[in-house]
Amino acid sequence: MPIGYYLALSGVLFAIGAAGVFLRRNLITLLLSVEIMLNAVNLSFVAFGRQQGSVDGQIITFFVMTVAAAEAAVGLALVIALFRHRESLNPEAFTSLKW
Amino acid sequence: MGSDLILFGLFAAVAVMGSLAVIGQKNPIYSVLALILSFFGLSGLYVLLEAPFVAVVQIIIYAGAIMVLFLFVVMLLNVPREDAAEWDRTHPYYRPAPAVLGSALAAATLGLLAWAFSRTPGLGAGVADARPAASSVGQLGRVLFTDYMFAFEVTSILILIAMVGAVALARKREQ
Numbered sequence: 010m011p012i013g014y015y016l017a018l019s020g021v022l023f024a025i026g027a028a029g030v031f032l033r034r035n036l037i038t039l040l041l042s043v044e045i046m047l048n049a050v051n052l053s054f055v056a057f058g059r060q061q062g063s064v065d066g067q068i069i070t071f072f073v074m075t076v077a078a079a080e081a082a083v084g085l086a087l088v089i090a091l092f093r094h095r096e097s098l099n100p101e102a103f104t105s106l107k108w
Numbered sequence: 093m094g095s096d097l098i099l100f101g102l103f104a105a106v107a108v109m110g111s112l113a114v115i116g117q118k119n120p121i122y123s124v125l126a127l128i129l130s131f132f133g134l135s136g137l138y139v140l141l142e143a144p145f146v147a148v149v150q151i152i153i154y155a156g157a158i159m160v161l162f163l164f165v166v167m168l169l170n171v172p173r174e175d176a177a178e179w180d181r182t183h184p185y186y187r188p189a190p191a192v193l194g195s196a197l198a199a200a201t202l203g204l205l206a207w208a209f210s211r212t213p214g215l216g217a218g219v220a221d222a223r224p225a226a227s228s229v230g231q232l233g234r235v236l237f238t239d240y241m242f243a244f245e246v247t248s249i250l251i252l253i254a255m256v257g258a259v260a261l262a263r264k265r266e267q
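Protein sequence lines correspond, in order, to chains A and B.
Taking the numbering used here, the leading residue of the first sequence gets 10, the next gets one more, and so forth.
Taking the numbering used here, the leading residue of the second sequence gets 93, the next gets one more, and so forth.
Keep in mind the hints are simulated off the structure, nothing from the lab.
Any given hint could turn out to be false.
[Unchecked claim] Ranges between beta-carbon positions, derived for each pair:
id	chain 1	residue 1	chain 2	residue 2	range
1	B	231	A	17	25 to 31 Å
2	B	206	A	50	37 to 43 Å
3	B	163	A	61	32 to 38 Å
[To be verified] A few chain B positions that, by computed beta-carbon distances, are all more than 10 Å from chain A:
id	residue
4	102
5	188
6	189
7	192
8	196
9	199
10	200
11	203
12	209
13	211
[To be verified] Facing chain A, according to a computed beta carbon distance under 7 Å, are these residues of chain B, among others:
id	residue
14	111
15	123
16	143
17	169
18	219
19	223
20	231
21	232
We put the CB at the ideal spot given by N, CA and C, even for glycine.
Start from the sequences, fold in the hints, and give me the full structure.
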């Protein structure tokens, strides 16, 4: 398997995640799109680590997963707090600070 | 080699289809389930890359723990009804300036990425050709608890802070 295949797939997944962040208007779907992007990067790390024959790529993947877990916990807590405030998950509903 | 390519295509298709379903669904519950499907595809790819421990962690931690957290919140908030017409009407995409500027930026990024990809040497090199795989849990643990010891300990503090922050943010305010 050429490594270019894995990198191309990683790029496609990252693009899908980025498109989700830009196009969707639902806070939960935005967080899910961020998870897609993190996983796309994980795939690159593991592929490069395999090519180098080292475990560093896999270990960085574990750290990325940890950060993703922390991000999901805090992000979802924020979503809950925001939903209590406005009864909506549409980011357009939270524009009180917009000038 | 041939079976590797078939399996890669299969798992890659699952991952890409799942991700597309995530951003294509109106109902967040289906989005979460599609993302779990996508994670199974990625897990298969990790097995192909001879990283079985990462593949298992991907399923247990990501699909099993983080996605369940997402599902809990989706069901707790009880907002599968997405007022599609109103949300679509307010979407910035339908205003002319963001539509034009965003499309131009996306096309430029895509072109730049394709240009960089076409000029990068060594992309055809086999991923498993040069070196033997280093993937046993023993090897992983030895490096994790020596070279990455500091990062590992800092991670525990990060998790603690995230936990306290999540509880503090989601708590109901005293009236």
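Evaluated hints:
1. One distance hint, 25 to 31 Å for the beta-carbon pair residue 231/B and residue 17/A, holds here, with the actual separation near 28 Å.
2. A hinted range of 37 to 43 Å for the beta carbons of residue 206/B and residue 50/A is inconsistent with their spacing of about 19 Å.
3. In this structure the supplied range 32 to 38 Å holds for residue 163/B paired with residue 61/A, their Cβ-Cβ distance being about 37 Å.
4. Annotated as non-interface, residue 102/B keeps its C-beta farther than 10 Å from every C-beta of chain A; the closest such distance is 12 Å.
5. A cut-off of 10 Å between C-beta atoms confirms that residue 188/B is not in contact with chain A; the least separation is 16 Å.
6. Every CB of chain A lies more than 10 Å from the CB of residue 189/B, the least distance being 15 Å, so the non-interface label holds.
7. Its beta-carbon lying about 14 Å from the closest one in chain A, residue 192/B satisfies the requirement of being farther than 10 Å from that chain.
8. Every Cβ of chain A is farther than 10 Å from the Cβ of residue 196/B; the closest lies at roughly 13 Å, confirming the non-interface assignment.
9. Listed as a non-interface residue, residue 199/B keeps its Cβ farther than 10 Å from every Cβ of chain A; the least gap is roughly 12 Å.
10. Distance check for residue 200/B against chain A: the nearest CB is about 14 Å away, which clears 10 Å, and the non-interface claim stands.
11. The non-interface label for residue 203/B is consistent with chain A: the shortest C-beta to C-beta separation is roughly 13 Å, beyond 10 Å.
12. Its beta-carbon lying about 7 Å from the closest one in chain A, residue 209/B breaks the requirement of being farther than 10 Å from that chain.
13. For residue 211/B, the requirement that its beta carbon stay farther than 10 Å from each beta carbon of chain A is met, with the minimum near 12 Å.
14. Of the supplied interface hints, the one on residue 111/B holds, with its beta-carbon coming within about 4 Å of a beta-carbon of chain A, less than 7 Å.
15. Given the 7 Å rule on beta carbons, the hint for residue 123/B holds: about 5 Å separates it from the nearest Cβ of chain A.
16. The restraint placing residue 143/B at the interface with chain A holds, with a minimum CB-CB distance near 5 Å, inside the 7 Å limit.
17. Interface restraint check: residue 169/B against chain A, minimum CB-CB distance 5 Å, threshold 7 Å, status holds.
18. Because the closest C-beta pair between residue 219/B and chain A is about 4 Å apart, less than 7 Å, the hint holds.
19. Evaluation of the residue 223/B hint against chain A yields a held restraint, the C-beta minimum of about 3 Å falling below 7 Å.
20. Annotation: residue 231/B was flagged as interfacial toward chain A, and the flag holds, the nearest CB pair being 5 Å apart, inside 7 Å.
21. Given hint, residue 232/B at the interface with chain A, holds; its Cβ is 5 Å from that chain's nearest Cβ, closer than 7 Å.
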